[in-house]
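Each protein sequence line maps, in turn, to chains S and D.
Note that our numbering numbers the first sequence so that position 210 is 210, with each residue one more than the last.
Note that our numbering numbers the second sequence so that position 429 is 429, with each residue one more than the last.
The reader is advised that the hints may include incorrect statements.
Said to hold, decoys possible - Only pairs whose alpha carbons sit at most 27 Å apart, straight line, appear in this in silico DSS-like list of lysine-lysine:
#1 K302(S) x K302(D)
#2 K444(D) x K302(S)
#3 K335(S) x K302(D)
#4 K335(S) x K444(D)
Keep in mind that the hints were calculated from the coordinates and are not lab data.
No experiment lies behind these values; they were computed from the predicted model shown.
Number of protein chains: 2
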Amino acid sequence: MVKQNRREFIKTSLGQAAVVAALSPLAHGESRKTRSKKGIPLKGPIFNQDSTQFFYDHAADEINGEVVDAWVDSLAGAEVGTLMSNTCAMRANYASKVWETDWHGYDPNGPDDQPVLKYLPKDDIPGTRRRLDSVKKLADMGINFHERAFARCRKNGISCWTSVRMNDLHDCDLEDSPLLSTFYKEHRHLIRVPYRASSWMDRALDWSHREVRDHYMKLLREQLEMFDLDGIELDWMRFGYHFGIGRELEGGEILTQFVGEVRKECQKAAKRLGHPVMLGVRVPSTPETARNLGMDGVAWAKAGLIDLLVPTPFWATCEFNMPMDTWRGLLNGTKTKLAGGLEILYRPMPGGPADGNTPELAAGAAMAVLAGGADFVYVFNYFSWIYEPLRPILKAMAGIKTLDKLPRHHAITYRDVLAPGEPDGHQLPATGGLSTFRLQTGPKPTGRQVEVILELQGEASPPGVRVNGVPCGAPKSENGKVFVFPVPEESLADRCHVVEVTSAKPMTIVRVEFAIGSRAS
Amino acid sequence: MVKQNRREFIKTSLGQAAVVAALSPLAHGESRKTRSKKGIPLKGPIFNQDSTQFFYDHAADEINGEVVDAWVDSLAGAEVGTLMSNTCAMRANYASKVWETDWHGYDPNGPDDQPVLKYLPKDDIPGTRRRLDSVKKLADMGINFHERAFARCRKNGISCWTSVRMNDLHDCDLEDSPLLSTFYKEHRHLIRVPYRASSWMDRALDWSHREVRDHYMKLLREQLEMFDLDGIELDWMRFGYHFGIGRELEGGEILTQFVGEVRKECQKAAKRLGHPVMLGVRVPSTPETARNLGMDGVAWAKAGLIDLLVPTPFWATCEFNMPMDTWRGLLNGTKTKLAGGLEILYRPMPGGPADGNTPELAAGAAMAVLAGGADFVYVFNYFSWIYEPLRPILKAMAGIKTLDKLPRHHAITYRDVLAPGEPDGHQLPATGGLSTFRLQTGPKPTGRQVEVILELQGEASPPGVRVNGVPCGAPKSENGKVFVFPVPEESLADRCHVVEVTSAKPMTIVRVEFAIGSRAS
Numbered sequence: 001m002v003k004q005n006r007r008e009f010i011k012t013s014l015g016q017a018a019v020v021a022a023l024s025p026l027a028h029g030e031s032r033k034t035r036s037k038k039g040i041p042l043k044g045p046i047f048n049q050d051s052t053q054f055f056y057d058h059a060a061d062e063i064n065g066e067v068v069d070a071w072v073d074s075l076a077g078a079e080v081g082t083l084m085s086n087t088c089a090m091r092a093n094y095a096s097k098v099w100e101t102d103w104h105g106y107d108p109n110g111p112d113d114q115p116v117l118k119y120l121p122k123d124d125i126p127g128t129r130r131r132l133d134s135v136k137k138l139a140d141m142g143i144n145f146h147e148r149a150f151a152r153c154r155k156n157g158i159s160c161w162t163s164v165r166m167n168d169l170h171d172c173d174l175e176d177s178p179l180l181s182t183f184y185k186e187h188r189h190l191i192r193v194p195y196r197a198s199s200w201m202d203r204a205l206d207w208s209h210r211e212v213r214d215h216y217m218k219l220l221r222e223q224l225e226m227f228d229l230d231g232i233e234l235d236w237m238r239f240g241y242h243f244g245i246g247r248e249l250e251g252g253e254i255l256t257q258f259v260g261e262v263r264k265e266c267q268k269a270a271k272r273l274g275h276p277v278m279l280g281v282r283v284p285s286t287p288e289t290a291r292n293l294g295m296d297g298v299a300w301a302k303a304g305l306i307d308l309l310v311p312t313p314f315w316a317t318c319e320f321n322m323p324m325d326t327w328r329g330l331l332n333g334t335k336t337k338l339a340g341g342l343e344i345l346y347r348p349m350p351g352g353p354a355d356g357n358t359p360e361l362a363a364g365a366a367m368a369v370l371a372g373g374a375d376f377v378y379v380f381n382y383f384s385w386i387y388e389p390l391r392p393i394l395k396a397m398a399g400i401k402t403l404d405k406l407p408r409h410h411a412i413t414y415r416d417v418l419a420p421g422e423p424d425g426h427q428l429p430a431t432g433g434l435s436t437f438r439l440q441t442g443p444k445p446t447g448r449q450v451e452v453i454l455e456l457q458g459e460a461s462p463p464g465v466r467v468n469g470v471p472c473g474a475p476k477s478e479n480g481k482v483f484v485f486p487v488p489e490e491s492l493a494d495r496c497h498v499v500e501v502t503s504a505k506p507m508t509i510v511r512v513e514f515a516i517g518s519r520a521s
Numbered sequence: 001m002v003k004q005n006r007r008e009f010i011k012t013s014l015g016q017a018a019v020v021a022a023l024s025p026l027a028h029g030e031s032r033k034t035r036s037k038k039g040i041p042l043k044g045p046i047f048n049q050d051s052t053q054f055f056y057d058h059a060a061d062e063i064n065g066e067v068v069d070a071w072v073d074s075l076a077g078a079e080v081g082t083l084m085s086n087t088c089a090m091r092a093n094y095a096s097k098v099w100e101t102d103w104h105g106y107d108p109n110g111p112d113d114q115p116v117l118k119y120l121p122k123d124d125i126p127g128t129r130r131r132l133d134s135v136k137k138l139a140d141m142g143i144n145f146h147e148r149a150f151a152r153c154r155k156n157g158i159s160c161w162t163s164v165r166m167n168d169l170h171d172c173d174l175e176d177s178p179l180l181s182t183f184y185k186e187h188r189h190l191i192r193v194p195y196r197a198s199s200w201m202d203r204a205l206d207w208s209h210r211e212v213r214d215h216y217m218k219l220l221r222e223q224l225e226m227f228d229l230d231g232i233e234l235d236w237m238r239f240g241y242h243f244g245i246g247r248e249l250e251g252g253e254i255l256t257q258f259v260g261e262v263r264k265e266c267q268k269a270a271k272r273l274g275h276p277v278m279l280g281v282r283v284p285s286t287p288e289t290a291r292n293l294g295m296d297g298v299a300w301a302k303a304g305l306i307d308l309l310v311p312t313p314f315w316a317t318c319e320f321n322m323p324m325d326t327w328r329g330l331l332n333g334t335k336t337k338l339a340g341g342l343e344i345l346y347r348p349m350p351g352g353p354a355d356g357n358t359p360e361l362a363a364g365a366a367m368a369v370l371a372g373g374a375d376f377v378y379v380f381n382y383f384s385w386i387y388e389p390l391r392p393i394l395k396a397m398a399g400i401k402t403l404d405k406l407p408r409h410h411a412i413t414y415r416d417v418l419a420p421g422e423p424d425g426h427q428l429p430a431t432g433g434l435s436t437f438r439l440q441t442g443p444k445p446t447g448r449q450v451e452v453i454l455e456l457q458g459e460a461s462p463p464g465v466r467v468n469g470v471p472c473g474a475p476k477s478e479n480g481k482v483f484v485f486p487v488p489e490e491s492l493a494d495r496c497h498v499v500e501v502t503s504a505k506p507m508t509i510v511r512v513e514f515a516i517g518s519r520a521s
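The shape of chain S in the complex, shown without the other chains (with noise of 0.2 Å):
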């Protein structure tokens, strides 16, 4: 089970402050009412742009329909090939006629005690009316930013699908917050863990209820008939739990049917629009939890129901090592498409510290996504990465080949989204004599410099290093806690590569990466 800072939480899910680069020249306004003829492929990679993050980014006084298009612009600019447009936690982004809107209830004017606010860490005050007064601005400029934001999308040719949060709960200990829908305060008796609610994932809605399911699927049918979109996704990592312990796999089959129902609202929207919309879902980063969860990917796609499926950690890191190559296998058959997930934080160890990926964790974790199989790569919280510096990663995350060229880091870490009672199996850290680490790290990297780079506890003596067998060189080290071994060329394999770590004294290891160089072009 994940446990999370509510403070951490925030700052990085909802509101990473982003790398703004200078707008393009903006656009002339299109017309709100343009269908397009024909519907924009799935392509790679998929971009998703949280409920919040753009409001959080651009104040009311300089928001406007221009400011959206100049957005889309670049993403364009780092070739996006699809925008996930998410429209909700809680509540809607949007002027949904069936949800709550973020802004309900706020009172611009008023004070910070006001009953959506009071409860609110003092210090979170400031972002969030800056968040809600730019919301409501557009809102009611008469600006739908997902209806804007797709129009300027089709002119670029990025594939254009909203996506729906299926158990938002950030803010769910709280008594209220303009994160919390009156629906979800309305209905805490039907939480999936009534009796322990220790954690936000114990306060999830327990979709067994079907008052639950047909409150989403109001704000899913909403936007198959308001949108001209290619696509839509049902994000059920958001946040993962759904059913109660134990009662996931009768959950499955709930859940199962639900997705069939949206398929048909899908199939509505395609005649009504006169081209595809397409579905797909975010479901953990294994075929066992998935479906231990009763988020059974591989059943809705074998079912014809699905298009798209996304397996993904959940937030707190990025994973390395998703067995893609099962995803791939179970797919046969199947018109589905696979992409992996790619979260934005780093974080070795459960509980233990967290830094955003560097542009080579990002690089390593999108080529063992694509070398194992996987037709595209899908970025989550990667919001300041269609700028520079970091949109070069971006463009790469299209295929094997480009991606190839970056330098890359394949890191251990673990996985934050387990069924209950599942094996936990985290790798770090690691304590004793030996430990022993493998990584998937796509094409053979010969004739570039590659290292391992690890991390002790406290001050040691070096330890030794063999990769797929063969020993490294002495480790350089400039604290006495990491250290980086020359990695010889004739260890060095295609997908995969196992660190062996030995060391005469127990050590405890708390970072481990595999690290491969530019290739000289």
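Given the structure of chain S, go ahead and fit chain D onto it with the hints provided.
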């Protein structure tokens, strides 16, 4: 990596004391040249008889062809569907013309310190001599054990397969032993982890060397030319490690080619015999580990190379939670049958104490396999289960319906074969204030007694237990260590149960079983 205790190994894997019931009346000898008109299809339960057990159980002064027949009749009485007759560890247990025999270099009239015996522990010598005297005697009588057994199997409708251990390592740390081949002793420089060689697994022959592959191919060809067999099994799980660390994926391509060559030999044999000769493999219990160790059973199935795939643990413990669903899904679109392998030991924790499976545990493991979608149950080291009183359990392994009538236990154990660097993920001992376990339990066990059995380390207060979120009543305990909790009917579910254990004080859980009583019929 598996750590094995040599003496325990020998006792349980090679010399388990069989419960030998009064033998059936001896039948008349059959012509050794009998060839069946048509083959006998693969059926379950599948019974592996190791290459030494029969000769441990039957001394030289009583052995003859009729004893072999009577033993086969006991298989028939237990309704075994398929016999996997194991022909070899490092040596053949029949008069092979291409491999050394078990009795090679052994002088029945020689002393205990003759070369092949003198490195054995003193206590092992009498049993070893008994076995060697017996296997040699039968061969000296001109009887080929497998030929004789297969002829009798055909009369009984039992499918006839030989099973070849592809990298057996018994006694590999000794200078000499009747279990070591000259080939092995002369090729110790070809072991897979030469720089360490601390465990038996490290000393496995590295299959990337052609001479290793050729050595095994010789034996396979002989058997395909010698016997009237319905199939041949490549037992890659004795001992499961065939390549250098990090070289297993490259190795997998070598094994795929090898399996393809054996497939061609099977086709030749089928032509000779006029009936199908199938090909089977035993591989590690999860698709990822199998692939990561070079035993990519799914790839072999998809290439049409194999008829039977058997995921299985190695030896240290039976597994109750193998991902049969995933295996089934991956075989989709192939003709390959799927069997789940049951080992005989029950060991909740790595390095912890082990018992033989009880009837209830064996029934639980078999149920998990079939309910997960396997076609058959495959038992290994279940020598005594063809006789009363265990015979009814083996019979019931034919199907879910028959198994469901029996009491069964589903238990937390661990995976005893991992690719180097894969996360370990064992769950016991479990420490702390909240522990959660998930077990694959087959059809919903309504209308019968259901209990959770917990063993704690040291004297402890009884913890609280929930099953699928429903609290269990007060437990019974005879010794303050093992607690038996009644499971409420309303908690029960199809396929899976999740057990949550809570305690105000930290506890250490060392055994977890989900116990289902007999079905009232």
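Output the indices of the hints that this structure fails to meet, ascending. 4
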